[in-house]
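Colleague: Chain by chain, the residues run as shown.
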Amino acid sequence: MTALTLPAQPGHEASPRPMPWRRMAWITWRQHRLAVAGVVAVLGAVSVYLYITGEQLRHQGFISYGAGPVLSITAVLFQAIPPLIGAFVGAPVLARELETGTFRFTWTQGFGRARWTVATLAPLALAVTIAAAAFGLVFSWSYGPQIIGNPVLSPLAATTFDLHEVTLAGWTLVAFAIGSVAGIAIRRVVPAMFATLVAWSGLAVLTGAFLRRHYQAPLVTSNFTLPDGAWIESQRWAQDGHPVSLSAVDQVLQKIGATVAAPGHLGQLPAAGSQSAAGSQSAPAPGPGSVNPAQYLLHHGITQLTTYQPASRLWPFQWIEGGWLLALSLLLMAAAVWLVLRRAA
Amino acid sequence: MNVIEAAGLGKRYGSTWALRECTLAIPDGHVAALVGPNGAGKTTLLNLAVGLATPTAGTVSVLGGTRPGSPAALDGIAFVAQDAPLHANLSVADTLHLTRNLNRRFDRGYARARLDELGIPLTRKAGKLSGGQQAQLALTLALGRRPRLLVLDEPMASLDPLARHDFMATAMTAMADDGVSVVLSSHVLTELERVADYLVLMSRGSVQVAGEVDDLLASHRVLTGPAAEAGRYAERLAVVHARRGGAQAHLLIRTNGSTDPVPPGWEAHPVSLEELALAYLREPGAASLPGPVRAERTEVSP
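Residue numbers (my numbering), protein chains in the order written: chain V, 7 to 351; chain D, -2 to 299.
It is possible that some hints are incorrect.
What the simulated footprint calls covered on chain V by chain D, stretch by stretch (three residues with Cβ under 8 Å from a Cβ of chain D suffice, anywhere in the stretch; the number is not a length) [claimed, not checked]:
1) 28 to 38
2) 300 to 310
Examples of chain V residues toward chain D, derived with CB under 10 Å [unchecked claim]:
3) P22
4) F94
5) Q115
6) R194
7) W325
8) A350
Honestly, the hints are just simulated from the structure, not real lab data.
Being a predicted model, the structure only gives us computed values, none of them experimental.
Ideal Cβ positions, reconstructed from N, Cα and C, are used throughout, including at glycine.
Next up, chain D with everything else stripped away, as it sits in the complex (with noise of 0.2 Å):
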């Protein structure tokens, strides 16, 4: 099952493509993270996945086939937007019973056990929180709804680094016992590193990575070797980004699986999660969709 699935789904606002020609599938399971710059349509995305959003172009499908936005995608996705915004003159315990109230199922109990161990106190007004007790707020509220699928928008973007490692903790958890599938977007990618394990990358509205973090690692290695040579490999190689420093060149390469000798007078390194980001966001144009975009589609039809 996929928890998200787009083809060629695009929006737009006013004469501005958000997203476009937007194809890829997050397979259940996963913790899978949204990463790009700013503006490269990871907020739009998510919007569209949980309905807040109608396509402009393409279609959108969530939890295996699911209209997103139906009852039945509402009912089984949580989703914590940017920023965490809730009801400021509500009080915790007001907000609890509201989405209580507002949903078929809500376990009460956990969210009460949750927020007594965070020190959230409940008579507290929503508003006065700090930003990582609003955000680890809603997060609760979401978790609390038992959903199969968390979609959290930016969710560390306004946390501190304790707040953030204590929030990708309980989204771990969740994930661990549960079995809920996580889709989560940021731009922090050094915080990504420990919790994904699926990757789509997004630049300029388009998705041009996506796949399980394993394998894009397996797949993708550095060389390092004489920059004089360097144009001669280009031409041969899936050479995603080439940075020079001096008489070494640095080429990023997609393997593809392969299993080609180094050439001599050459060093291969694997690769890190933030190296394989950073290295296709600088080259936007360079892959725009890679092999692994592809297989995922193959593995979907059945």
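Excised from the complex, chain V in its bound form (with noise of 0.2 Å):
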């Protein structure tokens, strides 16, 4: 048949050229330009919405601190941005090859599959990385007002502060990375993106609720007026320098009749106190009469001690915080490739 027709001699482009790095641009492009144009588009049209409320707020020229409720609910949808590429970027990139079996091919072309890895892995978290601080950005420019200077939500609570540029890709990137491993690792793009969503939110909840706060010392202040965005770790009461118990606390107050209720109850208690200067025109509490309950303990001697991170650490907390996650994530993308040259057909 035909085949034994064909001329076998090698034709002019059979001479051997040079294997540079960017010869893969063109395939991880090629092989994953869909994924990538739809991180682009969702992350676009998102930034589109976030600037037109943002143009809004500005041209209003007042900043609606009331927001609060609407803000939550979208960064709460905005925190799932990492997750979701890494789910849908990070996780297929390996897992893919081999659930399909492509990797046998892939593999034993003349390239070498840990280039191969290399030059598949970095483009793509480059992209991604790129995509998720242009988002910060534009996050930051819109909500920032609302944020910075509020004096009931502080910027580093964790609601807010990993969608600014720096934490947004740090942990876009991080996701990309434990998406990559998890691909390796399972070999399966299902239960690798659902691995993938399982991790990153494991790690962004410990982070969220154990690490941040350690990123530097935490002031304290005996102060019951706390600066605006303090973001609080905890509050206890002390006398001469030693804790009391919230009991004796009430003991004390109750001769006033005043109460603290719990625990959760104490940031109110300054709050209260506060307001009756800003707010004076709302009726003062009625039973003891003009005594202001914080005064009162004052004057026993009793303090309460506030341990909080000031608003202005917003930003070394940023980079702080970018910089392990990109440590991690190349220590992951390194893993992913070692798993390849490992990984046995």
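Taking the hints as your guide, dock the two standalone chains into a single complex.
Modeller: Written out as structure tokens, the structure is:
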């Protein structure tokens, strides 16, 4: 048949050519352009929305701190950006090659599997990181005025802290890196996607709950009035430098008919005290007359010690978190390359 | 030069040895057939040779002492895995471009001309091609790389008879014109008889027979004679496999070059490749490492 009649002499193209890294660029783009385009399209659309609301806010000339609930709902949605990118872009990169068996083709070409892995992961990691950083910039620009200087919300609070450009880029990169490791370790696309979501969420929760507060030594104040946007770690009562139990404080307060109900309400006491100056038009508390509970406690040598991170630490914290996330991501992607090299067919 | 050389090669997956104590040397300039039942370790051996797997025990080298998976080995060996896995969502043209970008050498003109003659449209997605076309595309990509060694794992398993013929014709042309050495695995014996001139027989994870087909055929024959006398000869001769049919016994024996006269009352027949392979496959323990392997190894040392 026809196969026998073919000229089998090597053509002029058959001579060896160098194999620079950039020859992988087309391949990576061709194979992952849909995923990258999807990320850019979604983030772009949301960015446009953020831009419009940001513009409106600036033209109206006022900043609505009352947007708190709306802010937190949209912020929660934005929290899903990194893990979704990790699951939909990061996890399939290696898992799909293994699941479909095409790694037997790809990894036996002259380029070599280690170089192939690096040349696939690196540009994609860079692309999603840049996309996330750009989105974070729009977020900071649009929501920044509502977050920074807001007496109620702290810019360090978990709801929005990781949505600024540095941290969003870092969390997206680490999600991508987790996805790539999950892909090569699990070798199935869908399980790798789930593993990515779970692992990323675990890391994010642990970071927000335990790690972030230790980036810098917290400040301690005995002031009842905290600076705007302070991120409160803990509050406790003390008398002459020794801790005092809540019941002891209650006993003192009972003399003037006020109470501290539970540890969770500690923060409300100074708030009530400070509001009596600003919002004095509202009727002052009836029973105890003119006695200010905070002043009364102070008079008895009882102070409230608040451990907090000031809002001014937003950017140092951003860079600390971005830094270790970058280091962790590089480690994870190195692990992915190592697993590719170890992977036996 | 040996295109594939293994010494004490073993590969374990979990607690199962897929390949064990495998020692062989396939010289270049051959179409070598790796034959054995499913689970004999053929794919494992090929994966080790192309660098997709690393040995648990022993050593393997390719193209005259190169480490599998090293840049030189990857450059010189083109591998078509079982079922010819290709990126299903890429067009044929994109697949060509991808292969060209991934290799130091790729003869695009040759590949395009071949696909044109096969009637495989460049715009079609690889996943939309028929099984035979996918296999032909994978073979074209492999040959376009102008390899020194072409490794084909079960290339004909998914092909109909016509596609098998075309596929092997292409491989043979490459072999004849470019001097490409070919190593292919298969459990389809009849297809191999026409094309293979070197046989490696594997069973239960080890090599049973290895040698040039002509030598193997010359050093084996079938003796047919009275069943009653079969037991006597079985002790004197290197009987690979004995088959009794009524009063007649058929003994497949290894002569090892000796020209013992045929005993009276017996007839000697030359053996076909298929008969030979089947006899050994039926007796996996009987002749685990016959002469040809040892002979090959002594040739290797200089």
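Colleague: Now tell me if each hint is right for this structure.
Modeller: Hints, verified against the model:
1. 28 to 38: holds (count 6)
2. 300 to 310: violated (count 0)
3. P22: holds (5 Å)
4. F94: violated (16 Å)
5. Q115: Result: holds, 4 Å to nearest chain D Cβ.
6. R194: Violated - the Cβ of R194/V stays beyond 10 Å from chain D, reaching only about 16 Å at its closest.
7. W325: violated (38 Å)
8. A350: Result: holds, 4 Å to nearest chain D Cβ.
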